[in-house]
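> The task is to assemble the complex, starting from two chains supplied on their own in separate frames and drawing on the hints.
From first to last, the protein sequence lines are chains D and F.
Following my numbering, the numbering of the first sequence begins with -12 at its first residue and continues without gaps.
Following my numbering, the numbering of the second sequence begins with 14 at its first residue and continues without gaps.
Since the hints were derived computationally from the structure, they do not count as laboratory data.
These numbers come from a predicted model, not from an experiment.
In this text, a Cβ means the ideal position worked out from N, Cα and C, and glycines have one as well.
In the DSSO-like style, the derived pairs of lysine-lysine whose C-alpha atoms are separated by at most 30 Å in a straight line are:
#: 1; chain 1: D; residue 1: K156; chain 2: D; residue 2: K214
#: 2; chain 1: D; residue 1: K106; chain 2: F; residue 2: K112
#: 3; chain 1: D; residue 1: K218; chain 2: F; residue 2: K192
#: 4; chain 1: D; residue 1: K360; chain 2: F; residue 2: K79
#: 5; chain 1: D; residue 1: K124; chain 2: F; residue 2: K143
#: 6; chain 1: F; residue 1: K143; chain 2: D; residue 2: K116
#: 7; chain 1: F; residue 1: K79; chain 2: D; residue 2: K292
#: 8; chain 1: D; residue 1: K218; chain 2: F; residue 2: K143
#: 9; chain 1: F; residue 1: K79; chain 2: D; residue 2: K214
#: 10; chain 1: F; residue 1: K79; chain 2: D; residue 2: K367
#: 11; chain 1: F; residue 1: K143; chain 2: D; residue 2: K7
#: 12; chain 1: F; residue 1: K79; chain 2: D; residue 2: K156
#: 13; chain 1: F; residue 1: K143; chain 2: D; residue 2: K214
#: 14; chain 1: D; residue 1: K7; chain 2: F; residue 2: K261
Derived, one-sided and incomplete: chain D residues facing chain F with beta-carbon distance under 7 Å:
#: 15; residue: S74
#: 16; residue: N94
#: 17; residue: W100
#: 18; residue: A165
#: 19; residue: G202
#: 20; residue: A203
#: 21; residue: I204
#: 22; residue: C270
#: 23; residue: R326
#: 24; residue: R350
A short, non-exhaustive set of chain F residues, derived as facing chain D with CB atoms under 8 Å:
#: 25; residue: A85
#: 26; residue: G87
#: 27; residue: P90
#: 28; residue: F93
#: 29; residue: D97
#: 30; residue: E100
#: 31; residue: T101
#: 32; residue: E105
#: 33; residue: C128
#: 34; residue: V130
Listed here are the chains, written in short residue letters.
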Amino acid sequence: MSESMPVEISPVYEGERIRKQDMYVELGGPNVEHKCELVLAKPMEEVEDGKISIVGPDLNELKEGSSNPYAVVVEVAGKMVEKDLESVIERRIHDFSNYIEGYMHLNQRYDIWCRISKKAFNKGLNSFKWIGMALAKLYKAEMPFIEKIQITFYTDPEKVKEIYEQALKIYEARDARARGLRDEDVDTFYSCVLCQSFAPQHVCIITPQRVSLCGAINWFDARAAAKVDPKGPIIPVAKGECIDPIRGEYTGANEIVEKRSLGANKRFWLYSCFGYPHTSCGCFDTILFYIPEVDGFGCVDRGFKGPTVNGLPFSTMATQVGGGIQTEGFLGIGMEYYRSAKFMQADGGWNRVVWIASTLRARIEDAIPPHLKDKIATEKEAPDIESLKKFMIERGHPLAKKLLEMEAAAKAEEEKAPAEAAPAAAPGVTISGLPLPAAGGAGGIRITLKGAKIRINQLIIKKEG
Amino acid sequence: MNSEGVVVSVSGKGGVGKSTVAALILKALVDSGRGSILVVDADPDSNLADLLGLETSRTVAEIAAKLKDDIAAGRFPPEFSKRDYFETRIFEILHEEEKFDLLVMGRGEGEGCYCAVNDLLTSILDTLSKNYSITLMDMEAGLEHLSRRTDRDVDIMVIVVDRSRLSYLTARRIRDLAKEVHIDFKRIVTVGNRVEPEFEEVVKKRVEEIGLEYAGLIPVDPNIASYDMEGRSLLELPESSPAVKAAKEITRRIGLT
Chain D
-12 MSESMPVEIS PVYEGERIRK QDMYVELGGP NVEHKCELVL AKPMEEVEDG KISIVGPDLN
48 ELKEGSSNPY AVVVEVAGKM VEKDLESVIE RRIHDFSNYI EGYMHLNQRY DIWCRISKKA
108 FNKGLNSFKW IGMALAKLYK AEMPFIEKIQ ITFYTDPEKV KEIYEQALKI YEARDARARG
168 LRDEDVDTFY SCVLCQSFAP QHVCIITPQR VSLCGAINWF DARAAAKVDP KGPIIPVAKG
228 ECIDPIRGEY TGANEIVEKR SLGANKRFWL YSCFGYPHTS CGCFDTILFY IPEVDGFGCV
288 DRGFKGPTVN GLPFSTMATQ VGGGIQTEGF LGIGMEYYRS AKFMQADGGW NRVVWIASTL
348 RARIEDAIPP HLKDKIATEK EAPDIESLKK FMIERGHPLA KKLLEMEAAA KAEEEKAPAE
408 AAPAAAPGVT ISGLPLPAAG GAGGIRITLK GAKIRINQLI IKKEG
Chain F
14 MNSEGVVVSV SGKGGVGKST VAALILKALV DSGRGSILVV DADPDSNLAD LLGLETSRTV
74 AEIAAKLKDD IAAGRFPPEF SKRDYFETRI FEILHEEEKF DLLVMGRGEG EGCYCAVNDL
134 LTSILDTLSK NYSITLMDME AGLEHLSRRT DRDVDIMVIV VDRSRLSYLT ARRIRDLAKE
194 VHIDFKRIVT VGNRVEPEFE EVVKKRVEEI GLEYAGLIPV DPNIASYDME GRSLLELPES
254 SPAVKAAKEI TRRIGLT
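Just chain F, same shape as in the assembly (with noise of 0.2 Å):
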């Protein structure tokens, strides 16, 4: 087991491409050979399995309004863990892949309480990835993420940042939430997508401006787009691709690979 994994964070403004990058990330480390991965999808507007070549799969979230649906028609035995029925639940559907697992959290809390569950959703993550080397997981857009405290013990925090102004301002914004509500991350570091090579040198500026720790860039790669439009993983992407390449760089960087 693997008690010192490192937990890794893809998070930024909406748009600006974070499951691509996070999945970029994902075949630097699995290319590398980089110990177990385990992903979290946890961006309800995007779909990573679809950018991995998964099909899609049940989410925690349907599993967990199930078992307050039970648990309210009283289907549920008394005496019966709801936190191993649960923990079950997520496991079976856990994408056990050869290189990685992947679990999808599905679009959030439906009605009512979600605070018990929500307790025991966090043990649960917390023992799963527990046993593995890393834990990269997508966030959802925006910055709710950080006020649920559901990167509380996240070490790298990858901001993905485009040319738009916006996507500055979210980075700073996460950056100074994280300080609010008492996140610290061990790194905090800011990556360009799609970004053309002409631009680099600004965005690195404007990214050191706000004080921000610069990784590199991930540029426009026309490989990109054909893989997603014929349904193919990101994962197969050859090496000679720009963003594969970049990403590589910027994994090395980070002190992942």
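Bound conformation, chain D alone (with noise of 0.2 Å):
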């Protein structure tokens, strides 16, 4: 077969792209409405092994210059071919279809964009039969398990709409057991240091149900990375064994994060703000903080620039959660770990919720359970403690009995010892009770360098007073 191909196929064409002007015809991409990719597990007898099929135009029928609805679907089977490995195949047909000399394929699912060269078209790749022959040598050189494979190529717009909305249902549906996937399900967690330029002993764990903080990479990205550059910044976690389930906590990414944080930290708890929360870069989303008035949780983004509930803008907060330092009471956290069922699962979820600022709340309305939507207040209901006390109460916040309880019995206190008794947190105050890192103190600070070059021409510290 290989002899007959008109063109090269080989990795080297990896990442080629094909300008305007030497491009013969172009195939799906932005100039056109519906074009998809598509790959379908089949029984067996639905499969006639090595079959390309071509529905409307070839590629030598299509006008040169011309951008043309496009639909590729790729039918495999075999004994280990199952539904959940349609998405894992279907990634192949961007990698397996850069092989080919003068066909660039740029992206996936119903986003694809190619192009033939006039290049290639003249050296005989004018027909689509040799692209489904190149593909299906591939995906059985590659993907042993494949024991048929048919390939059918769509060019007739008509026919071309139609995989296409058939296409988007699958992908929706993919999307759903995606989102569905828990981190009981899968052997490999995944850990990132692309931030360790920042912050050199932060170290990422990355597991189905709780993204990267900075939100940019969740589980798939990671393992799409990790494959890619296997050297890289993200690298396979063995999930190992759950040592706690409710807190999140496994050996495996224990071990990775003593050894990726050059030591500073040895144990996470991924689902909990306590004990030994994730530590966080610099980069992340938005900040989780404990508001020990209430015992609850407040949550601010980025973009919100004002004070928070506790006084504290997300500014000051960033400077104590980040650099790789576990510490608790604050997080930093990724958007969409708001829409995870392990969201603060060990400190009670979002129960636990009682203050998100408005521009935050706006992004993450979704992922409120329903029935805290009128009992967690913003900046607008609350700028301060007293008025988010109010509020929960009146709103009649999971939280609010135990804060009713808190304030009978400090004020009982009170009464007991009026000369004692401060003035009960007054609005804007805070971070009481909170163990914040030590500046300086006792426990002394901790330096890591790494790959540091340092000069300094004077350097002087003193103690102060």
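Below, the structure is given as structure tokens:
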């Protein structure tokens, strides 16, 4: 087959872009509404191995320089081929198409953009059958569990539209399944140290239910990145034994945290803000902070400029959270984590959240459980702790009962010893009772330098006072 | 594919006319029929597209910001490759001209963490750039691009100077800082811009005094100002225009044409 193939098939063509000037035809892309690619797992008897079909005009029947609707459907069968593998197999269409000289392939699913170069066309790449043959051969070679494969190329506008609409439903179902993937369902987590140039001891542990702090890398992204660049910043983590399913402590995660944080941290509780919380780099989308006065959490995003309910703005808290230090009561988290069923699981989850900055709320409104929608305040209802307490009690927040008990106990205490009583947390004041990182002090500080180059003419360190 | 593509970067103090020099170098390259050219406008304070008579387009920065927004809002399908999506949107805003392609970077980072997005961007630009025999970058003024190592793959750094003392100091800083952050340009050259011919010797001497290679001078050229005013592309400047002649001489001297 390779002898008759008019163009070369090789990984050296990965990343090949075909300029408009050099292009023979365009398939999919921004100029056409309907385009897609789809892999379907089929029963053995429904797949005719090696069959390549073309529905609509073939490459040599398309007008030179035109943009065309385009759908590629790959049907596979085999004893090991399961529905769950469809998206993994589908992802390889991009890689394999890229091996074909003169065939540019960008993106995936309903957003593909392909071009055939004039040069390749003139060499004889004038039929989809060549692309089909190349793909079939590559699939069989690289994914030997595929026993039978047949590929259909659609360029007929009506047919493409039909396939496209059918494909959208399939993608949606897959997304729903992917969103439902739980940490329990996988053996591998990922760790990312992309941010270590800013926070040398920070390590992100990325699980299906816990996105990176920056929010940009989910478990699927990490899996793909680790495969593409095994020596890169993102590497797989064998989950190991689950020490605590509620707090989210895993032996494998602990080991990698210790190793990649250069010994600075040894344990992570992935679903808690206390004990051994996940560290933060400085990159986090949002901060979740403990409010001791009401024993609940507040959440704020980077875009919120004013003071939060505890009187501190995002920027001030960010300096406490960041730097790869475990700080109980403060956690940098990625936006998508608010949508996770594991969100602060050990600490009471959403029921523990009492305050959200309005800017953040606008972005994660969908994540708030319906029964809490009117019970969580923003800065509009609760600019400070006192108004927050009132709001919680009025609205019957799940923590209101405990709050009333705490208030009553404090009052009784106050009456017992009025002389000692400090004014009950004035509005805007806060972090009392929180284990903040000691500024100098007894424990000392730890500084980790990694690949550092420092030039100092003079450095003076003095004890104040 | 041209994996052996040359990356040329134009930098210098703000206001010395980097973009004009970049446009003139581009003209020299295009006129000499020097293969495929990718132009990257990485200077948010200028508009190379304007000088080349092209409509302004969306920028890479805008796409990055939207990508971040979509992710935060949970609009991004979990299994969809962010790199591929980002790459496609970037390809979409690429100006595909007859003789060259132009990518406009736009104004840098917004809020929040861009580590992951920048990491993707670096690899996307690397991939794209390998498809051209020359990548010509118009860098932003100042030195930040060096410390962010945006220039780490640059082969030839063209530093533009004028008659101001500050422009030489910037040139020297660019060279020194590159060394400090371990960027190894194969060649650093300086080009004088908007310098009257009678001052050429002075400029050359000053440049050589600070140990930099002098590659030539773009003279004051009234055509440039009038083309700019009329919104005409500098690529249409006549062959006889003094700046065009000078740019041809410079690219020849640098070994680009």
